[in-house]
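My request is simple: use the sequences and hints to build the entire structure.
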Amino acid sequence: MNFFNRAVVAAMPLVPRPLVRRIAHRYVAGETLEQALDSVEALNAEGCMATLDVLGEDVARRDETERTVAGYLRALDCIAARRVDSNISVKLTALGLKMDPQHCRREFGRIVEGARWHGNFVRIDMEDSSVTEVTIRIFEEAREKCEGVGLVLQAYLRRSLDDAARAVALRANVRVCKGIYVEPAGIAFQDREEIRDSYSSLVDLLLGQGCYVGIATHDPVLVRRALATVARLRLPREAYEFQMLLGVAGELRRRLVSAGHRLRVYVPYGEAWEAYSMRRLKENPAIAGHVVKGLFHRELRPRGRRPEGE
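When we follow my numbering, the leftmost residue of the sequence shown carries the number 1199, and every step to the right adds one.
The hints are simulated quantities; they were obtained by calculation from the structure and are not laboratory data. All values reported here derive from a predicted model rather than from experimental measurement. Keep in mind that a hint or two might mislead.
Here are the simulated BS3-like pairs of lysine-lysine, each with C-alpha atoms no more than 30 Å apart in a straight line [as the list claims (entries may be wrong)]:
{"hint": "1", "residue 1": "K1376", "residue 2": "K1296"}
{"hint": "2", "residue 1": "K1343", "residue 2": "K1376"}
{"hint": "3", "residue 1": "K1296", "residue 2": "K1343"}
Here it is in structure tokens:
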């Protein structure tokens, strides 16, 4: 399957754009906020929560950060107006982190204030290792002022167990994922089982210390381990949630929801869908297999209005 996944990714530049759009439709809600909210409503009807992500990152101009902030503030307004169960996820490089960290802090503060006004929650997505430390620092600064801010830790980074201790000190809301960026062996585990063991150690530590944890994985092995930890600690369902990407592992998602577990689906949308789609596939070829399977299993994507042009 690994060879098949990589072959799919290698062939993507040769695929006509309409077909790329069809593939992307499995895990991108569309180009507009309205399309994304339709997907959220459909997910809510299935018993899932959601988190909205306005696509875009590594911006180089301040006007781009302004558009991103405006997009998130509008999303928060519309989440409240439509009364859907969703929070938001934000990439700090979309707010100018690599361009001007202080400008990024100010822009992120505007989003946090918007979320606080609505009684909603903001998750800071974790990006590549060049911004790991500054991302955690910005989280810590924001968390001191507002509880409705969460962090992401990547299990394949060797530093993450130490970072988890910092999160525990704040009783932080933490999403744990494997990590998708290509990182050198000196700072990141490369072996699948090492990454799995690191992931489980992070989940066990955070849950055991009373942090609310977003268990973000499509890996059945890690799901089983997390469920065993939840049972061992006798945690109520309000102490954790599972998280998955839109259009991926639909059968596993439904099983968890049917068993009574809280589950949140990551719902990305925006005009940058093509760049996002290509990056996700290149950085994590395993997703390619899920996506191609999804083309033949329509039930993996909740029903909603299809993106314009399809």
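Q.
For each hint given before, does the structure comply? Return the numbers of the non-compliant ones in rising order.
A. Of the numbered hints given earlier, the structure breaks none, since each of them holds.
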